[in-house]
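Once you have looked at the hints, place chain E on chain L.
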Amino acid sequence: MMRILTGNEAIAQAVKLSKVKVSAIYPITPQTGIIEELARLKSEGEIDAEIIRVESEHSAMAATLGAALAGVRVFTATGSQGLFYMHEMVWWTAGTRIPVVMVVGSRALGPPWNLWNEHTDFMNERDSGWLMAYASTPQEAFDLVVQAFRISEDDRVFLPMMVGMDGFILSHSKTNVYLPTQEEVDSFLPPRRQPYIIDPQEAVGMGNIFPPLEYMKLRQSIDSSIKSSVEVIKEVGIEYNKKVSPIINYSTLNTTYRLEDADYAVVLMGAWAGDAMEAIDELRRKGINIGLLRIRYVRPWADDEVISALKDKKAVLVVDRAASLGRAGPLYMEVASTTHLDQMENVITGIGGVSIGKEEFIKMFSEFVEEAKRGKANGVKWFYPQEVEKVELRVPKDLE
Amino acid sequence: MSGTSACPGCPENMAMRMLGMGLGKDIALIVVAGCSSVIQGLAPKNSYNYPVVNIAFAAGPATASGMARAYKARNRNVVPVVWAGDGGTADIGFASLSGAAERNEDIIYVVVDNEAYMNTGGHKSGSTPLGAYTLTTPEGKKQNKKNLPFIMIEHNIPYVATASVGYPHDYIEKLRKAKQISGFRYIHVLTPDPYGWMFDPSRTAEVAKLAVQTCYWPLFEYENGKLKISDESLHCLDKRTRRPLRDFLSVQGRFKRITEEEVKMLENYIDSLWEKLMKLYENQS
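Going line by line, the protein sequences match chains L and E.
Heads up: the first sequence at position 258 corresponds to 1588 in the working numbering, and the numbers run straight through without jumps.
Heads up: the second sequence at position 93 corresponds to 97 in the working numbering, and the numbers run straight through without jumps.
Rather than coming from a laboratory, the hints here were simulated on the basis of the structure.
Mixed in with the good hints there might be a few duds.
Claimed, not checked - EDC-like cross-link-like pairs, simulated, lysine to aspartate or glutamate; straight-line CA separation at most 16 Å: (1) L:Lys1644 with L:Glu1701; (2) L:Lys1644 with L:Asp1593; (3) E:Lys76 with L:Asp1529; (4) L:Lys1711 with L:Glu1690; (5) L:Lys1688 with L:Glu1612; (6) L:Lys1641 with L:Glu1690; (7) L:Lys1346 with L:Glu1513; (8) L:Lys1703 with L:Asp1672; (9) E:Lys29 with L:Glu1532; (10) E:Lys49 with L:Glu1532; (11) E:Lys76 with L:Asp1378; (12) L:Lys1349 with L:Glu1376; (13) E:Lys232 with E:Glu286; (14) E:Lys49 with L:Glu1690; (15) E:Lys150 with E:Asp95; (16) E:Lys128 with E:Asp95; (17) E:Lys283 with E:Asp242; (18) E:Lys29 with L:Asp1529.
This structure is a prediction, so every number in the text was calculated from the model and none was measured.
So here's chain L without its partners, still in its complex pose:
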C-alpha cells in the first residue's frame, strides 16, 4: 500500500511491522516524530510494545540494551547531542554482541545551537562496532529499518545496527512510501534471535573483566563480523526485494548512477543524492562525463564495491556533509584509504544545514571537472553556495 508519510512516520511503521517488543524513547529534534508516533500507536492499541519514557539518551540506550539482553526485539531513535550523550552506551551495546536497532536523525552539534542537518553525529560512531546504513529517501529509511532487524539478528552478525537519515530533509518531508503487509514482513523477518539471554534459566554473566588477550580477541571478532556482514547484507537485501518490496534494489550495499561509462566520479551519501543525480543529468547534457557512487553502508565498508566503481576514473570527488576538523571529511578518508587514484578531491559542505541543491552541485561538479582536466583535483575544500568573506577566527557569540 502506498502512503504519503514523513521519514519519521515511515520508520514508526517499520517498527510496528517488525513487531518490536520494547522501545525506550527520549525526545530530540528531528527524530521526535518517530517516538511520538510510537507512543500514539501504543495508546491506540496498534502495537503491543512496552514503551519506556526514559529521562535521557544515555538511559534510552541502556534501557534498550537491557530489554535486548533479556530477550526481546528492541528499537530506539536519537540524533545530534542525544547521540553524543548516548555515546558510551552505544559502544557498550556493540561490546555485548546483542542485536539492537536504532535510527539516527542527523543534525549538527552545538555550540552554537543548530537544528539543521549534517552527518557529523552519525559519522562519529563509525568506530563503535555497529553496522551503519544511511538512507537517501523515506522509503529507503523504512526498508533499511526492517532489514536492520534481520541483519542484526543474523547469527553470522549479532551486532547492533543503526540507520541514519538526514534530519528534516527526510525526517519531516512527506513522500510516497510503499508499506508492505504484515504477512510480507513476517515472511521475511523470523522471530527474535540473539547469542544469549540474561535469565536465571541460563545464569549467564556478561561483561566482567576479561584478561587482555581474551579482550583483544573479542574486539577482533567484532571487526571480523562487521567485515563478513557484507555477504549477509546482500543476501538479506535480495530476499527483501523478493519477499517484501522490489522498489529499491538492495542486491548491493551501495548504489551507482550513470557511473559505469563516466570519466569522473562523485561519492556522497544521504538525501542530497537526488540533487546530485539531477546535477549529473544536466552536466551529461553538456557533454561532461560524470557519475555518482552513493554510499549506503558506512559499516561494513564495501571495499570491493568502492574499488570496482572508482578504479578506472580520471578523478574522484568525495562530498562530505561532515568534517573531522583539522583533517578532512570522514567519507573522504574512507574512500581515500580504499582506493588510490592520482586525483581525489574532498569537498566539505552543507554543514549546519547550509542548503545545497542541484544548482550548487552543478557549480561544484563543474569546477571539479575543470580542475581534474588541469590535473589539480586534489586536497580538501570547504564549499559555500554563495560568496563568503574570508573565514577568520570566529567564536560562538552573537553574530554582529
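Quick look at chain E alone, frame taken from chain L:
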C-alpha cells in the same frame, strides 16, 4: 561466593552473600562500575551465583528498567536487581536512578554505601560524610553526606529501607519484604570499608554496628507512606539513649584529623536527620 577477588574484610561481599539469602532465586543482577565489577573475578568464571549484567557507571537503573519490561513481555517472573555503590547512586547514576524511580519500574535497587569511590582508591563522593579524609579531600570533606534515602522517599516509591552489614537479620528481612512488593524498591546498605575508612579488616561488622548504635546511620523502612524505625535504631528516638558519635569516629583513621568544630557539625547533622525522621514518624500516628 568462591573465587572472589575482594579485599580482606570486604563489606560488599558480606552484603552480597546476604543478598542471596534475602532474595533467593529468580533474580538477575545488574552491576554498575565499582568494586563489585572486579570482585566477581575474571571471565569466563563468575563468583556471583546469578545471571549478571555488568554495565557502565551511570546505566544501572535504566538497564534494569529495560530488562523488567522485557521479562514482562516474555511472561517471565524475574526481578532485575541493581547493585551499585554510593558513587554510582549519589553522583553519576543519580539521573538514571531518579528516572527509574519516577517511572516506578518493577525493580529492586540496592546501594552498597562505603561513602567514597573505593574501587578507584578512595575518592570523595556525594555520600562521603563531613570531616572524612579521602584522596581527593585530603583536608577532610567540608560538606555533609547527601541524604539519599530521604530523596528516594520523595519519589513516592512503594518501598525505601536502610540497612547495615552489621545487622544481617534486619537487612535480610528487608530484602525478603522488598521481594514481595512490586514497583520500585530502594535498599540502602551501609558497608564500612576497612581500607577507605582506615580500620582493621577484622572489625568491619563492629564498625557497621557502631554506625547504627551512635545513630549516625538510622535503620528504617518506608512503605506505602508509613515510616517504621527498625528495632536496632529505636534508641535513637531519644537523644539521651544515643551512643556518643565519638565512639564511631575514633575507630576510623579517616576522621583522624577532624576538628572539634567539625565533630559538632556532624552531630548537628545527625540531630537534624533524626528530627526529620521523628517528624515523619509522629505525623503518621
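The hints, checked one at a time:
For the proposed pair Lys1644 of chain L and Glu1701 of chain L, the alpha carbon gap of about 11 Å is at most 16 Å, so the pair holds. Taking the CA atoms of Lys1644 of chain L and Asp1593 of chain L, the gap is about 5 Å. The hint holds against a cut of 16 Å. Annotation: proposed proximity of Lys76 of chain E to Asp1529 of chain L holds, straight-line Cα distance about 12 Å (limit 16 Å). Taking the CA atoms of Lys1711 of chain L and Glu1690 of chain L, the gap is near 14 Å; set against the 16 Å cutoff, the hint holds.
Annotation: proposed proximity of Lys1688 of chain L to Glu1612 of chain L holds, straight-line Cα distance about 9 Å (limit 16 Å). Distance hint between Lys1641 of chain L and Glu1690 of chain L is unfulfilled; the C-alpha atoms sit about 26 Å from each other, more than 16 Å. Taking the CA atoms of Lys1346 of chain L and Glu1513 of chain L, the gap is near 13 Å; set against the 16 Å cutoff, the hint holds. A hinted pair counts as satisfied when its Cα atoms are at most 16 Å apart, and Lys1703 of chain L with Asp1672 of chain L qualifies at roughly 12 Å.
In summary, the hint linking Lys29 of chain E to Glu1532 of chain L is supported, as the alpha carbons are separated by about 12 Å, within the 16 Å threshold. Under the criterion of a C-alpha separation no larger than 16 Å, the hint pairing Lys49 of chain E with Glu1532 of chain L is consistent with the structure, at around 14 Å. A threshold of 16 Å between alpha carbons decides the hint, and for Lys76 of chain E with Asp1378 of chain L the separation of about 12 Å falls inside it, so the pair holds. A distance of roughly 11 Å separates the Cα atoms of Lys1349 of chain L and Glu1376 of chain L; the hinted pair therefore holds under the 16 Å criterion.
The hinted pair formed by Lys232 of chain E and Glu286 of chain E meets the criterion: a straight-line CA distance of about 11 Å does not exceed 16 Å. For the suggested pair Lys49 of chain E and Glu1690 of chain L, the alpha carbons sit about 60 Å apart, so the restraint of at most 16 Å is broken. The hinted pair formed by Lys150 of chain E and Asp95 of chain E meets the criterion: a straight-line CA distance of about 10 Å does not exceed 16 Å. The hinted pair formed by Lys128 of chain E and Asp95 of chain E meets the criterion: a straight-line CA distance of about 10 Å does not exceed 16 Å.
Taking the CA atoms of Lys283 of chain E and Asp242 of chain E, the gap is about 13 Å. The hint holds against a cut of 16 Å. Pair hint Lys29 of chain E plus Asp1529 of chain L holds up; C-alpha atoms about 11 Å apart against a cutoff of 16 Å.
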